[in-house]
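Visitor: Residue-level listing of the chains:
There are 4 protein chains.
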Amino acid sequence: MVILMNSDCRKADIGRVFSLLGDRSLTGRLIAQEPKTVIGVVEEVDPDLLGRLTERISGLNGVESVETFGTSYKLASRAFRDGTTAVRTGDKVIGDGGLALIAGPCAVESRNQIIRIARAVARAGGSFLRGGAFKPRTSPYSFRGLGEEGLKYLAEASRMTGLPVVTEVLTVEEVSLVAGYADILQIGTRNMQNPALLEAVGEVDRPVLLKRGMMASLKEFLLSAEYILARGNPRVILCERGIRTFSTETRNTLDISAVPLLKRLSHLPVVVDPSHAAGKRELVPALALAAAAAGADGLMIEIHPDPDRAASDGRQSLDLETFAGLAGDLERLAAAVPRPVSDGPNRPGARVRPVRNAKSRDR
Amino acid sequence: MVILMNSDCRKADIGRVFSLLGDRSLTGRLIAQEPKTVIGVVEEVDPDLLGRLTERISGLNGVESVETFGTSYKLASRAFRDGTTAVRTGDKVIGDGGLALIAGPCAVESRNQIIRIARAVARAGGSFLRGGAFKPRTSPYSFRGLGEEGLKYLAEASRMTGLPVVTEVLTVEEVSLVAGYADILQIGTRNMQNPALLEAVGEVDRPVLLKRGMMASLKEFLLSAEYILARGNPRVILCERGIRTFSTETRNTLDISAVPLLKRLSHLPVVVDPSHAAGKRELVPALALAAAAAGADGLMIEIHPDPDRAASDGRQSLDLETFAGLAGDLERLAAAVPRPVSDGPNRPGARVRPVRNAKSRDR
Amino acid sequence: MVILMNSDCRKADIGRVFSLLGDRSLTGRLIAQEPKTVIGVVEEVDPDLLGRLTERISGLNGVESVETFGTSYKLASRAFRDGTTAVRTGDKVIGDGGLALIAGPCAVESRNQIIRIARAVARAGGSFLRGGAFKPRTSPYSFRGLGEEGLKYLAEASRMTGLPVVTEVLTVEEVSLVAGYADILQIGTRNMQNPALLEAVGEVDRPVLLKRGMMASLKEFLLSAEYILARGNPRVILCERGIRTFSTETRNTLDISAVPLLKRLSHLPVVVDPSHAAGKRELVPALALAAAAAGADGLMIEIHPDPDRAASDGRQSLDLETFAGLAGDLERLAAAVPRPVSDGPNRPGARVRPVRNAKSRDR
Amino acid sequence: MVILMNSDCRKADIGRVFSLLGDRSLTGRLIAQEPKTVIGVVEEVDPDLLGRLTERISGLNGVESVETFGTSYKLASRAFRDGTTAVRTGDKVIGDGGLALIAGPCAVESRNQIIRIARAVARAGGSFLRGGAFKPRTSPYSFRGLGEEGLKYLAEASRMTGLPVVTEVLTVEEVSLVAGYADILQIGTRNMQNPALLEAVGEVDRPVLLKRGMMASLKEFLLSAEYILARGNPRVILCERGIRTFSTETRNTLDISAVPLLKRLSHLPVVVDPSHAAGKRELVPALALAAAAAGADGLMIEIHPDPDRAASDGRQSLDLETFAGLAGDLERLAAAVPRPVSDGPNRPGARVRPVRNAKSRDR
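Taken in sequence, the protein lines are chains D, L, Z and A. For the first sequence, this note's numbering assigns the number 66 to the initial residue and increments by one for each residue that follows. For the second sequence, this note's numbering assigns the number 66 to the initial residue and increments by one for each residue that follows. For the third sequence, this note's numbering assigns the number 66 to the initial residue and increments by one for each residue that follows. For the fourth sequence, this note's numbering assigns the number 66 to the initial residue and increments by one for each residue that follows.
Don't take each hint at face value.
Given that identical chains are not distinguished, each listed pair holds provided it fits within a single copy or across any two copies.
Claimed, not checked - Under the rule of at most 16 Å between Cα atoms (straight-line distance), these lysine to aspartate or glutamate pairs were calculated in the EDC-like manner: (1) K76 - D373; (2) K101 - E132; (3) K101 - D156; (4) K217 - E239; (5) K284 - E314; (6) K101 - D73.
I should point out that these hints are in silico values taken from the structure, not numbers from a laboratory.
The shape of chain D in the complex, shown without the other chains (with noise of 0.2 Å):
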């Protein structure tokens, strides 16, 4: 920890900032005086203290910032665990070093369309089913999903296929339901924040996957990871989905630059979901390989029979035929090309292991 000064402060704040300091046995230490008081803090903070603690020093008069270069996560950090950490779910695993694939509509429309659609995952290689049965919507007028009902048909659709399903969850009151049908619980990009929900499904057992906020910081985001797994549960998968910035082009941006990051900074598996990044089928398949290529534990996608007919997001939407010629595409790469996925936090192009394929380690 760093405590930088107002130029103008006075002897008595840089005291008072000692004698915090001081109360907690930590070290302070001058480190410069000019042109700004400069303090170091010698030991390490812990991270159930260290927010407390910077949000106190932050208040004190004379004092301009404070800079924490340990992390305020710790049970999401990579410092807590080596490798990445596999999540399993039956004989399904995201994490594992392969490329997992997660596919199936943005919203369950009818038991007829959720298994033809499993099916057709199943056909391409994909390992998980994907199908909101609760939607969040913007607006008060949109479609809400078919609830209890779709994940039903989900649960009889994973049947007939053996794909685990993944569907979100929206409300605390809800999660008891979705666990019921469901093998992975989703987290939606608007409730990231949601401490309430987060810690709810920190204390089931079933995987979480945890949509990144379209305007979190990787920290928020897996200070978010941290109230899932601070309440027992350590099967956490991260999605990149996009974030929001000044371009209008898509969707949302796509960071890229996440997926490295991410697997230096966590132990966590990585998964991209190209579809809500893009918001335009087009795009897709560029962005998925991308993904990968980029080092993805897994890739989160939208499919739809008949686009032109979705109930929701048709415009991502891949057609069947599309997503299997892409399927095949994300074979060929994952198995070309060892994925740049790093054995620690600062050792550039180290390599894990090989990569096995998607669809030979699922089957």
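Fit chains L, Z and A to the supplied structure of chain D, relying on the hints for placement.
Guide: Leaving out everything else, chains L, Z and A in the frame of chain D:
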């Protein structure tokens, strides 16, 4: 509604758009064929249908984009109501042409602290007391507030000073508890797109102060207000509190333009929180005066008798003396300059009525 | 300067940092070793060296990041000069505690147009005439201004009204031509980081109004001012004109916080251009009042006798009558409220001196 | 073109729009009257006129906004040319379906340095040598490069290895000097909207590598290319190098979606610079592979024999060995996966032709 087709769309694609419009008794009209086919829809589409219809058409093959010129909210729209909706609680009001001052600490820390602050607010001419009892936190390891104990202290301070209380509610479960003590329920920036919570406060007989999400467009902001209004609660106050941009000089970037824009788009009163936007107390007076000059109906300001010892956000809290000075400056500003509040969406510079100052109004 | 090492850096990496500091007679001090090694530099580094030194250290193996707490500009810094530098041209001044009004059309269109507008500016109490003769355009197919003919009309209008002229210069070659007619040279947002042009206007005996790049940090902005100051021209006026953010409601997002921040970081006067920020004339009065309340030393506003027929930017131009009304409102605001201009970087709420209004000062 | 009127516009306002369209022999058609009047223009407007016409109409009273569905660039547009324009210099080419590797140091530091690097580039299978002789700098106090001396070293290294040279030109005056030594002229991100410089390189017989401004939309980027093309130089290479967003984890945010988008909007070849986007060398391999997988025609990568001792940008430079390893990975990727390059603007997933790798092509 205007539908833009891809430059290589097929005739059948165009036909399908017309047929889908026809199914809903809407009239499509071919506007242009070169360089791209553009189809206009003659009738106004009801907001109830607009969201779904836009989604359906966007998903059709050959469709590049859909522009909707009507609004997708209606109860929050200026088209729904002329003038500004004055939100009252007891004898205090926001949105009557005056400038309402809401002030208090980030977090309630003790009975003495909140009572002392409430008295300072009243003395300076403020109308409302703010204070957090349930705190939303980015990190699971941060201070989360005193909970119900804090609510009790707020209620007591309110009784002693006559100031209505504004406090945040974080979860659906806590709505009735918080409403039992507070006069105005605050929805925080991270919950602006939490539909379950919006609907819950939409069913309570309390005004709701809705903070803009730090990444939300004004349309998304008003759609969140619409969630509350659509459940029957007409008393919604909009609060601009800074957006996230590339700039790192301030905690967030105060979007001052949102004030005149929201006044044009909506009849709901607009409050500005300069404290969270700035994140630095030395910027708060300048931003508060700017917001008042831009036409805000109120200001929400963090204050603390001893910012050095605040449990949270001390860095952005004014001390009581600086706050009293600022309140005087705001009063002079409001008295001297008719705020450029429009009485209609397109009349530049029009003014509603003479502005009375907050103090005389509220006593 | 504080240097943060990677968590897996080697001893030799740390040694190399110390040795590089030693080569420059700087003293490194080990602040912390866990979780990461942090090295502090005791002495203040001169801005002349800071840039290169930071680059060199950043490139060393094992270095994660370098934080510099000193500023990298010096002539533009408040540390260099107390108070606000008043920039004078003839009997007009910007930065003396008053509020200077600069107004005129986006582009000079004809002799009659600019003379008519100049008279309206003078009548309303404005101090400076703006108008573009050389226009920067995003598209090679847009109107580029009247060139030298436009400069002649500006000079004539200036002689008739006594208003000094502010006009943009686009290229190094045109600097002496434009300086032959204009009183203040404007550097536009797209040229803020054009060093050759900055240095060219740094060698001319004319004040320079430097517009902030729409994606520039305040540090980058002040470093661009530094380019001009370092060539010997001390008369630089900073102009905030909106930044690019995710919001599409306005042409750019007016960064109102930049006003108090720049006043703290620098002694240079700060002007705000609400017209280009808003891009919509109906928002201009609210933003102009807000900028004045936030402590701006001046405003630059686009006006046109017939915005319907403006050659460019008509959408954001006020008509002459609305402008006159706004000028009156600004005068009342400036008279009533001491603007929260600091006389030092860290004294919140301090005020320099009583504010006189623009009109009385300039006549 | 579609024109949206304000909701309270007058009949005369609408009449004026129709009359202005009539003056230009364009046919306006009333599309809708409720809730707002919308006017469509039947004919395609030539890009030569589109900019001015849009400006004129936008300025008319009662006009809310003008949407133009045609492009405002034409020579850069895919409508102008099918396929990808292959830009050749000597026996090297960018845009023929292969993956061109451009590599070299940020700045030329010495004769030995650049010759050593050039040999490493050739050995690894690279096709072009980059290196800065004139450096654009944010601060007037930073290292600005060796100037003409650096150009001479570049030319010598080029003769020894057969690699064409890419180097930046900063000012109009230096264009002919730089063109005397370099094979490809680079326009940097800060000069993307410097029309005088764009026009100067538009009149030189050298290919131009145009970097995207860090805040530029793709439309603005292509309009800058249009400036060059309109002066008669058809050999323009587009370079995505990261945009500025709220994220501070990387120097800029690599906008990977720009690759497939630019390939759809334009026939010009697209190169990606992962080094400047990331700003951290450990992210460069992942981003380079991602860009290749997304369909880039080339990559521009900063390398240095001893990044610890680089004069600038050492933090983001790969050492020669890591670069050679990356080049091998890129070759395997390009061989295995047909890059998802479209042969038309709207055919998702279509592929142009089998991809040959850069090495075999260029030797």
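Visitor: Tell me, please, which holds for K101 and D156 at an alpha-carbon limit of 16 Å: within, between, both or neither?
Guide: This pair counts as neither: shortest intra-copy Cα distance 58 Å, inter-copy 39 Å.
Visitor: As a check of your reading, is K101 near E132 (CA-CA no more than 16 Å) within one copy, between copies, both or neither?
Guide: both (15 Å within a copy, 13 Å between copies)
Visitor: Are the CA atoms of K284 and E314 at most 16 Å apart within a copy, between copies, both, or neither?
Guide: Result: close only across copies, 9 Å inter versus 27 Å intra.
Visitor: Within a copy, between copies, both or neither: where do K217 and E239 come within 16 Å Cα-Cα?
Guide: Result: close within a single copy only, 14 Å intra versus 31 Å inter.
Visitor: When no copy is named, should K76 and D373 be tagged within, between, both, or neither for a Cα gap of at most 16 Å?
Guide: The answer is between: 15 Å across copies meets 16 Å, while 70 Å in one copy does not.
Visitor: Cα distance capped at 16 Å. Does K101 pair with D73 within a copy, between copies, both, or neither?
Guide: within (8 Å within a copy, 30 Å between copies)
Consistency with the previously given hints fails for number 3 only.
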